[in-house]
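J.: Chains as they are written, first to last, in this note's numbering: chain A, 4 to 203; chain B, 4 to 203.
Any given hint could turn out to be false.
Given that identical chains are not distinguished, each listed pair holds provided it fits within a single copy or across any two copies.
[What the hints assert, rightly or not] Dumping the calculated DMTMM-like pairs for lysine to aspartate or glutamate here, alpha-carbon to alpha-carbon at most 25 Å: (1) K105 / D123; (2) K105 / D160; (3) K133 / D160; (4) K148 / D8; (5) K148 / E16; (6) K133 / E144; (7) K148 / E131; (8) K148 / D27; (9) K148 / E43; (10) K133 / D159; (11) K133 / E107.
In short, the hints are calculated from the structure, not lab data.
Number of protein chains: 2
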Amino acid sequence: MYDRDAIDAILDEGLVGHLAFTVDGQPYALPMLYARRGGEIYLHGSPLSRLLRAAAAGAPMCLTVTLVDGLVLARSAFHHSINYRSAVVLGSGRLVTEGEEKDEALRLIVEHAAPGRAADARGPSRQELKATAVVAMAIEEASAKARSGPPIDAPDDYALPVWAGELPLALAAGAPVADPRCSVSEPPAYVEDWSRGPRK
Amino acid sequence: MYDRDAIDAILDEGLVGHLAFTVDGQPYALPMLYARRGGEIYLHGSPLSRLLRAAAAGAPMCLTVTLVDGLVLARSAFHHSINYRSAVVLGSGRLVTEGEEKDEALRLIVEHAAPGRAADARGPSRQELKATAVVAMAIEEASAKARSGPPIDAPDDYALPVWAGELPLALAAGAPVADPRCSVSEPPAYVEDWSRGPRK
Numbered sequence: 004m005y006d007r008d009a010i011d012a013i014l015d016e017g018l019v020g021h022l023a024f025t026v027d028g029q030p031y032a033l034p035m036l037y038a039r040r041g042g043e044i045y046l047h048g049s050p051l052s053r054l055l056r057a058a059a060a061g062a063p064m065c066l067t068v069t070l071v072d073g074l075v076l077a078r079s080a081f082h083h084s085i086n087y088r089s090a091v092v093l094g095s096g097r098l099v100t101e102g103e104e105k106d107e108a109l110r111l112i113v114e115h116a117a118p119g120r121a122a123d124a125r126g127p128s129r130q131e132l133k134a135t136a137v138v139a140m141a142i143e144e145a146s147a148k149a150r151s152g153p154p155i156d157a158p159d160d161y162a163l164p165v166w167a168g169e170l171p172l173a174l175a176a177g178a179p180v181a182d183p184r185c186s187v188s189e190p191p192a193y194v195e196d197w198s199r200g201p202r203k
Numbered sequence: 004m005y006d007r008d009a010i011d012a013i014l015d016e017g018l019v020g021h022l023a024f025t026v027d028g029q030p031y032a033l034p035m036l037y038a039r040r041g042g043e044i045y046l047h048g049s050p051l052s053r054l055l056r057a058a059a060a061g062a063p064m065c066l067t068v069t070l071v072d073g074l075v076l077a078r079s080a081f082h083h084s085i086n087y088r089s090a091v092v093l094g095s096g097r098l099v100t101e102g103e104e105k106d107e108a109l110r111l112i113v114e115h116a117a118p119g120r121a122a123d124a125r126g127p128s129r130q131e132l133k134a135t136a137v138v139a140m141a142i143e144e145a146s147a148k149a150r151s152g153p154p155i156d157a158p159d160d161y162a163l164p165v166w167a168g169e170l171p172l173a174l175a176a177g178a179p180v181a182d183p184r185c186s187v188s189e190p191p192a193y194v195e196d197w198s199r200g201p202r203k
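Next up, chain A with everything else stripped away, as it sits in the complex (with noise of 0.2 Å):
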């Protein structure tokens, strides 16, 4: 699918994604949180990363973001498979320098994980801005892979004596675990009913 509304939904819902990138021939992947803004997605991490350093600077790079949904249980082997939505993302990228674009990238990044959450958490500090590189990563080019449903079996399969179905799977929220040091009492309720479904 190329569908850009798809695909951004897909990188609106996910938390992670893995941005590859290469270094003298080798091939990275690493886990990275993100917030998408229209075509772009801003990237943050430590200004002395050499992920960061070679995102800066231009290099390729992909991100993909995949969300698991389910196992898909076949009466065959060679038809297992798993239900899932994916997001694959190339494009280069440009490094934000300090001014308002970079304090809305940081913002974004702490909204997408945790929505409602920029308005109550401190600010960055001018020290903290400059211990934090963010890099934006243009979308060039995007495509989404997804798979729903029960198992296909092949024809003959479906007399076999063997469950089959799915598993549904979703990334899941316990019970908020207050900071020891933490003086307020309630989570708030952007904690307590923090979920990954659609974004609306």
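Chain A is already provided as a structure; the job is to place chain B on it using the hints.
T.: Same frame as chain A, but now just chain B:
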């Protein structure tokens, strides 16, 4: 961390990994089911896929498995993080040709996703074996990273009246959904009880 037991535990608990590889200078990360056996990781796919052909030809690759354990909500935006465990494995592949090793690799991939399933599912036919390429990736270099525990805030921020703590996250299973054409009434225990804690 470079401790092999810690790395193996992450690889064994993960369900989907992201495989990074480079084609004509463009890095890609693609989600993959996999299984570990000792110091090797088995991957499978269509014999026609660009990825499997590159992997079989010995191209350098990286398989990264990330377990998301929770959101870390600090008082400052800067100290927000996630709790996670990830393993990054570098290695190159070799094609696994037909025979006992290929049979076992495919069995292990099913078992990795749903332990207990391989004994119930019909094994691959000769034609299905031909339609599946298996690549073994040697774990040539591997490292793990992890974060756990509450947020670590800047000393002055502990006085802020902001709730802080962790929101535990995990891949959780819902109720099994039988294939509408399934004639077996009850799902097996390994489906009902599927969970993705550390493997015993």
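J.: Of all the hints numbered above, which does this structure not satisfy? Sort the numbers upward.
T.: 6
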